[in-house]
Amino acid sequence: MNVINPSEARDYIPIADHGLIGNLRTAALVSLDGSIESYCVPNFDSPSVFARILDKDKGGHFSISPTVPFTTKQNYLPSSNILQTKRSKPLLPWLVRRVECIRGTLPILMQCAPAFNYARSTHITSIIDDDSVPVEPEEPAQKKALFESDSLALDLRYVAEHTFPGDSGPVPKVELQFLDLSERGHKGLAVQSLITLHEGQCVTFILRTPPTQWKKGPEEEEEETAVKQTAAQKLDLATKGRPAEDPFLTHELVASLLYNTNRYWYEWISRSTYKGSWKEAVHRSALALKLLIYEPTGAVVASPTFSLPEYIGGVRNWDYRASWIRDSSFTLYALIRLGFTEEANSYMEFIFERLRHKNPDGSLQIMYTINGGKDLEEIELDHLDGHKGSKPVRIGNGAANHIQLDIYGELMDCIYLGQKFGKPLAYDDWVLVRELVDFVVAHRSDPDLSIWEVRDGMRHFTYSKVMLWVAIDRGLRLADKRSLPCPNRNKWLEARDELYEEIMHKAWNKEGRYFGQSYEDTDVIDAAVLIMPLVFFMQASDPRFVNTLKQIMKTPDKGGLTSNSLVYRYNTQKSTDGVGGEEGTFCLCTLWCIEALTRAGASDRTLLPKAVTMFEVEELIIHQLDGIDVSPLQDFLMYLNHVGLCTEEISDAGEALGNAVQGFTHVTLISAAYNLSRTLDKHME
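Just so you know, we're using the working numbering here: the sequence shown kicks off at 363 and counts up by one.
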């Protein structure tokens, strides 16, 4: 439980203290104290309407909170992405928030303060009659708030009701009032309502983009005045007489939205084939990943948020609301592992459309918009303060035009798994794949900017070379397993083997006995090389990899990258990347390390307990693994937030950093749990 004292001078809420909701078009962060802190409308990459997480004064928010000191608990409904008591997200493009008094009396304050276009645009606010809420002929019309900017309009409606059996209970009184926040930098009026809820009373608020105006005919007018009928008739009227996107707003409709939304998520996660340990964490990660999928195109965003800092007060603040080939491929790999092949097939259609429209030189862009566009101009929003003063706030991403050759390996691995467990490749698609592998073979000796998107010059990064090997290897596997024609098979074989030998010679630090970050910087340790056994480049038991793994496991003061069982990407003080500033430990790297230890532990039993303690100490006791003192250790699962979500990075103090929710983190959590669970089961046999 968290105790909160309401105050007008509300500060920033920690990044970890948020849940994520979404409708497969966009997503929103909901804070523990009941505020929508980040919300872009109508799509993931649209301008924000609420962004208080990036500017506590003028970023915009939609809060529902008691006016007296209160305790709060936030959780998802089981096997669902409905965030309990705070809101629900229906399949209609509405943001629905429901507050209910379970016992006693509770005064609450609702504030809706949109800040359109990243708090750059002005808007006009009006409180008008709501013709979507049916009332008796003698009753005055219910009111709604309408917010209109130059490019977007939103309206805020509500349904007040009681949960007592029958129709005799009183409903709460809701009165919308204007709220002027111009002193904080807002460019239009907000609205608020102070409501006293008694036991059994509830109010549901609905924020949406109002549909195109329509005129009611005589039949619709007659239906509206006759709405005080039986419950079944009311629900029927909610779907008749008006456009499908603008039904009558009744409490029966709200109840049906909640039920149908919960049923959607439950039926989706029920398709999972996962039977291993940590099922709750794995399924929560899968549900989080599903929220990152833009359903109309099948694109997968890296994160639904933008510009949350990798270090408080630092400059590493990036926009992740685009579809990276790398991140998307890993996401689909994780979902395929759990049996969700439909998402894999949708993404394959998205990516093959990109392959049909490659760049003139045959290359792909490293990321695309959710609609497949290539324009992701990076802009700094100087008027926003940034989370806890972390500037600059950026939208768009300047790395879109980077040369990052590793993406071809991740993509080819995804295509290989997709056709293995999903829809088989058609011949025309295989021709596109062949062209892709031919491009890789031709450019395997080129330098690039690699997975970490450095901004200080291209190098021959070890990670990229490994993934180029993966691209060629998966092409050969596809040709062999499906008996597909491969005119350049011998060239591919020769290139794959040459690349392997090159990595083993040029990336290997003979003195330190570990793989370095790049051919140029073999003295720099980089956690990205942990990928080697995960993509079957080499066995985890190979002495070269084991030595590298042990070097990474050392603390930074001893030349390693691990602190308190969490792993940094690389030493930012030793390896220049053109960005500057500090950062936290990287969740992706921690989970890669756990999986690498797991794979190495299959042959070296002394490493397996380390993998378990890094992931979850309790499991060490359950599986009776010996040889390590667990008392001072903290496991990764402990860093998941109150609803089982994780950010991109974690500070030394355990504070969540970076964009939330980060797809990469939940992808690698699923993979680490899958392999660790399987290995432990074999250990118990």
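Simulated from the structure, these hints should not be mistaken for laboratory data. Do not rely on the hints blindly, as some may be mistaken.
Said to hold, decoys possible - Capping the alpha-carbon separation at 25 Å, the derived lysine to any residue pairs in SDA-like fashion look like this: (1) LYS936 <-> ASP818; (2) LYS418 <-> LEU541; (3) LYS920 <-> ASP859; (4) LYS652 <-> LEU386; (5) LYS920 <-> TYR862; (6) LYS418 <-> VAL495; (7) LYS535 <-> VAL495; (8) LYS785 <-> ARG839.
Structure-based check of each hint:
1. LYS936 <-> ASP818: 14 Å, holds
2. LYS418 <-> LEU541: Within the cut-off at roughly 16 Å; holds.
3. LYS920 <-> ASP859: 35 Å, violated
4. LYS652 <-> LEU386: At roughly 8 Å apart (the allowed maximum being 25 Å), LEU386 and LYS652 satisfy the hint.
5. LYS920 <-> TYR862: Violated. LYS920 to TYR862 sits at ~30 Å, over the 25 Å cutoff.
6. LYS418 <-> VAL495: 33 Å, violated
7. LYS535 <-> VAL495: 15 Å, holds
8. LYS785 <-> ARG839: This hinted pair holds, its Cα atoms lying about 17 Å apart.
Consistency with the previously given hints fails for numbers 3, 5, 6, ordered from lowest to highest.
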